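Colleague: Sequence:
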Amino acid sequence: MAFRDLVVLVALLATSVAWAQGPAIPPGTIQMPTERHSWVDAPPSLPPGTKMLVLEGHPKQEGMFTMRLRVPADSRLDVHWHPRDERVTILSGLVRVGFGEVWDEGTMASFGPGSFYLNPPESLHYVWCVEDSELQLTGMGPWEVHFQGE
103 MAFRDLVVLV
113 ALLATSVAWA
123 QGPAIPPGTI
133 QMPTERHSWV
143 DAPPSLPPGT
153 KMLVLEGHPK
163 QEGMFTMRLR
173 VPADSRLDVH
183 WHPRDERVTI
193 LSGLVRVGFG
203 EVWDEGTMAS
213 FGPGSFYLNP
223 PESLHYVWCV
233 EDSELQLTGM
243 GPWEVHFQGE
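Okay, so the sequence shown: first residue is 103 according to the numbering used here, each after it adds one.
Calculated from the structure, these hints are not laboratory results.
A couple of the hints might just be wrong.
In silico EDC-like pairs for lysine to aspartate or glutamate, Cα to Cα no more than 20 Å straight-line [as the list claims (entries may be wrong)]:
#1 Lys-153 <-> Asp-180
#2 Lys-153 <-> Glu-188
#3 Lys-153 <-> Glu-137
#4 Lys-153 <-> Glu-236
#5 Lys-153 <-> Asp-234
#6 Lys-162 <-> Asp-143
#7 Lys-153 <-> Glu-233
#8 Lys-153 <-> Glu-246
#9 Lys-162 <-> Glu-137
#10 Lys-153 <-> Asp-176
#11 Lys-162 <-> Asp-187
This one's a predicted model, so the numbers in the text were calculated from it and none came from an experiment.
Using the sequences and the hints, build the whole thing.
Modeller: In structure tokens form, the structure reads like this:
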């Protein structure tokens with residue numbers, strides 16, 4: 103085998119090894135396949151039985167966070183507000199949301215899978231998960247829930 107052929111063979115082998123490994127994942131990338139999900143009990147400010155999964159950041163720290171909540175059917179979160187925008191995507195279930203100082207089912211909007219809503223800072227609102235529901239929340243931390251009158 104000529105030297106030139108040997109160089110070509112080594113180059114081809116090196117390239118095939120690099121392709122087999124795939125491109126390097128850039129620093130800061132977050133990839134979380136479902137088998138790596140670790141659901142935990144949500145804080146007591148959320149309805150009993152609610153589970154939480156933090157996907158990025160930390161909801162109680164400064165900075166961007168994304169988390170998911172699994173909320174049991176017929177769970178209600180009484181009139182409350184947040185100091186920062188709250189962005190919510192409904193992944194499954196049926197969620198109803200209303201605004202104001204008094205719970206009023208007649209004025210609540212309904213959100214099913216794929217729906218999105220944004221609650222602006224300090225807006226009094228209330229939430230009813232009619233069915234078992236999974237929600238994804240994104241916002242800037244720290245995320246806080248303040249109930250009316252607190």
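Colleague: If a hint holds in the structure, say so; if it doesn't, say that too.
Modeller: Each hint, compared with the structure:
1. Lys-153 <-> Asp-180: holds, 18 Å
2. Lys-153 <-> Glu-188: holds, 18 Å
3. Lys-153 <-> Glu-137: OK: Lys-153 and Glu-137 at ~16 Å, within 20 Å.
4. Lys-153 <-> Glu-236: Given that 20 Å is the threshold and the Cα spacing comes to 9 Å, the pair holds.
5. Lys-153 <-> Asp-234: holds, 11 Å
6. Lys-162 <-> Asp-143: holds, 15 Å
7. Lys-153 <-> Glu-233: holds, 15 Å
8. Lys-153 <-> Glu-246: With a Cα-Cα distance of about 17 Å, the restraint between Lys-153 and Glu-246 holds, given a limit of 20 Å.
9. Lys-162 <-> Glu-137: At roughly 25 Å apart (the allowed maximum being 20 Å), Glu-137 and Lys-162 break the hint.
10. Lys-153 <-> Asp-176: holds, 15 Å
11. Lys-162 <-> Asp-187: OK: Lys-162 and Asp-187 at ~14 Å, within 20 Å.
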